[in-house]
Every structure is written in C-alpha cells, then in structure tokens.
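**Q** Whole structure, please, built from the sequences with the hints as guidance.
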Amino acid sequence: MDPSPGLQRRPAAAAAAADLPDEVGSVNVFSWISCLDLRTLAVLTNSTISSSSDPHNISFNFLIPERGTDKSPYYKLKAVLPDSNVTVASQKKIEDKLNVATPEGNLFWSFPNELSPIIIGTTQFSQKRYVYISADSIVKGKIEDLGRIDLGTYAIAAVEDCTKRIGDYVSIDVLNAVQKTAPKNLVYTEPYDKDACLLDFDVLVVEPRKLRKDLIDSIMVWFRAFSLANPRDQIRLAITLALYDNYLKLPSNWKRADANSDILNYNGPKNVCSEGGRQLQEEGNGDEWQLYLDQKSLAVLS
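Counting in numbering that gives the first Met the number 0, the sequence shown runs from 0 upward without gaps.
The set of hints was computed from the structure by calculation and includes no laboratory data.
Mixed in with the good hints there might be a few duds.
20 Å max Cα-Cα, derived PhoX-like pairs, lysine-lysine [unchecked claim]:
hint, residue 1, residue 2
1, K127, K193
2, K209, K248
3, K269, K295
4, K183, K127
5, K295, K77
6, K141, K269
7, K163, K193
8, K254, K139
9, K183, K212
10, K96, K127
11, K92, K163
12, K295, K163
13, K193, K139
14, K212, K96
Computed Cβ-Cβ distance ranges for the label pairs, DEER-style [unchecked claim]:
hint, residue 1, residue 2, range
15, Q289, R147, 18 to 24 Å
16, E282, D149, 21 to 27 Å
17, T101, Q280, 31 to 37 Å
C-beta atoms are modelled at their ideal positions from N, C-alpha and C, and glycine is treated no differently.
**A** Right under this line is the structure:
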C-alpha cells in the first residue's frame with residue numbers, strides 16, 4: 000500500500016496562491032476530539048488546507064485521548080497528508096495542568112467539548128493566538144481570515160447562535176438575583192438582554208494573553224446558579240453569560256447553517272464512544288467528506 004496517497008487536492012488558483020509570500024502570518028488551529036477518529040481529523044485538516052490561499056502557514060494541533068507510547072495517530076495522519084503541519088498531543092497534558100479534584104477540573108472533564116477551546120488558553124497550553132475548530136467539521140472558508148482578525152481588547156471571538164437566546168433558558172429575575180449576590184468581578188454589572196444570542200462553540204479565535212484569569216470562576220458562578228434539564232445547554236448558557244458583552248462577534252458565515260456556510264458538519268462515517276467507553280461505528284449521511292478523503296487514505300486511517 001502506498002503510505003502517502005496525498006490528499007491535498009487544492010484548486011489550481013489556491014495552489015498558485017500558496018507560492019505567494021506569507022502575508023498573514025501563521026495560523027495555529029487547535030481541536031479536541033473525545034472519541035478518536037482519524038478520518039474526521041484528516042477531513043478537517045485537508046478541507047482547511049484546500050480552502051486556504053496560504054496552506055503552508057497553517058499548523059494543526061490535535062488533542063486526543065491518552066494512548067501511552069502509541070504514536071500511530073500522528074504517523075497515519077502524516078502518511079495521508081505528508082505536506083501538512085500536524086502535531087498530536089495527549090489530552091493528559093491538559094489534565095496534568097488541571098487538578099481534577101478541584102471544582103474547576105471536575106467541571107472541565109464533565110464538558111470538555113465546550114470548555115476545551117478556553118482551557119487550552121487559560122492553562123497556557125498554547126501561549127499564541129489560536130483558532131479552535133470543532134473536530135467534526137469540514138472547513139470551506141479561509142482560516143487565515145480568522146487568524147488575522149483584529150480582536151482589539153477582546154480575548155475571544157465567537158459566532159453567535161441566534162436560534163437560542165438567553166431568555167429561552169432563564170428569566171431575567173434569576174439573572175438579576177445572581178448579579179446582586181455574586182462577586183462583582185465575576186459577573187456583568189449592566190442589565191442583561193433576554194434576547195441576546197447564545198455562543199456557538201464550533202469556531203472560536205482565542206488570544207491567551209488577554210484571557211481573564213478568573214474566567215473559569217465566572218463560568219462556574221453561572222453554571223451553579225441554575226439547573227437546566229440538558230446539562231449541555233447549562234454549560235453553554237454559563238459560558239455565554241461569563242463572556243457577555245466581552246467577545247468579538249465573528250461573521251455569521253462561520254456558523255453551520257447550509258451548504259454555503261464556511262463550515263459544515265463532517266458527514267462521513269465516524270466512531271462514537273458511549274459513556275462506558277465502548278466504541279461504536281456511526282454511518283455517514285452525506286458525501287461532502289469524500290472530497291477530502293479518498294479510499295486509499297481511508298484504508299490507512301480506519
């Protein structure tokens with residue numbers, strides 16, 4: 000089997016642009032995957048590269064479940080994407096920076112998909128600006144457009160999900176009560192808007208040096224303030240309230256919506272892990288992913 004199928008099928012215009020001098024600087028992409036599937040990471044990598052006009056200045060940093068001394072995920076990804084700049088690190092490196100016995104550590108391991116984009120910065124795992132992309136993504140937009148965004152005084156840029164609003168989950172009376180009792184440095188001091196949109200967690204731009212030291216404390220204040228039927232709604236609402244009026248709004252085309260969006264759902268076959276750790280195979284429901292992963296590469300990664 001040829002170990003280097005070479006998936007980078009960039010359009011001719013994109014390939015030509017790749018030879019231009021670096022104008023936007025390097026873009027560091029981070030992604031966290033709780034149930035390891037190299038197919039999704041390969042599609043994320045190749046779609047991002049294929050859509051970029053400066054692919055050689057993109058680095059990918061994947062945080063995967065602990066595998067001891069097994070380096071095969073890295074070698075397999077490099078076999079199918081030899082020209083990509085990829086690093087694979089164990090999630091244990093984050094765990095070692097967070098004491099899981101603390102409330103902060105315990106909260107993180109309950110909701111790693113929602114909190115990892117922030118924790119990567121607050122633990123100084125990365126000290127440089129990074130773009131966090133959800134692992135189950137197909138990127139159609141230019142990632143460098145995100146990498147060069149002027150954040151101003153903000154530490155985070157995020158997309159808003161206006162199908163969900165603060166008032167759909169909690170009353171303004173409850174928000175006001177928390178405001179009055181919580182430490183002033185941990186909550187927004189002006190009135191909240193019940194129609195404010197929740198944040199979307201598929202794409203974030205993070206500047207670690209500007210992150211508030213007490214951001215996780217603020218998230219915990221809000222997480223403990225109310226109890227929702229769906230814990231994932233609860234953590235997303237808590238993060239939205241902790242970042243209220245303190246983030247840069249990304250263009251709406253970076254929200255998964257339709258085929259014209261700059262980011263799509265990965266729609267190929269993938270591994271799904273149960274809470275007990277059992278790994279199941281979920282069938283795909285589309286063919287967009289096949290543009291970035293051919294059959295020879297699929298055999299290497301499966």
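**Q** Does each hint hold? Answer for all of them.
**A** Now for the hints, and whether the structure bears them out:
| no. | hint | verdict |
| --- | --- | --- |
| 1 | K127 with K193 | violated, 34 Å |
| 2 | K209 with K248 | holds, 16 Å |
| 3 | K269 with K295 | holds, 17 Å |
| 4 | K183 with K127 | violated, 29 Å |
| 5 | K295 with K77 | holds, 14 Å |
| 6 | K141 with K269 | violated, 25 Å |
| 7 | K163 with K193 | holds, 11 Å |
| 8 | K254 with K139 | holds, 11 Å |
| 9 | K183 with K212 | holds, 15 Å |
| 10 | K96 with K127 | holds, 17 Å |
| 11 | K92 with K163 | violated, 33 Å |
| 12 | K295 with K163 | violated, 41 Å |
| 13 | K193 with K139 | violated, 33 Å |
| 14 | K212 with K96 | holds, 15 Å |
| 15 | Q289 with R147: 18 to 24 Å | violated, 31 Å |
| 16 | E282 with D149: 21 to 27 Å | violated, 42 Å |
| 17 | T101 with Q280: 31 to 37 Å | holds, 36 Å |
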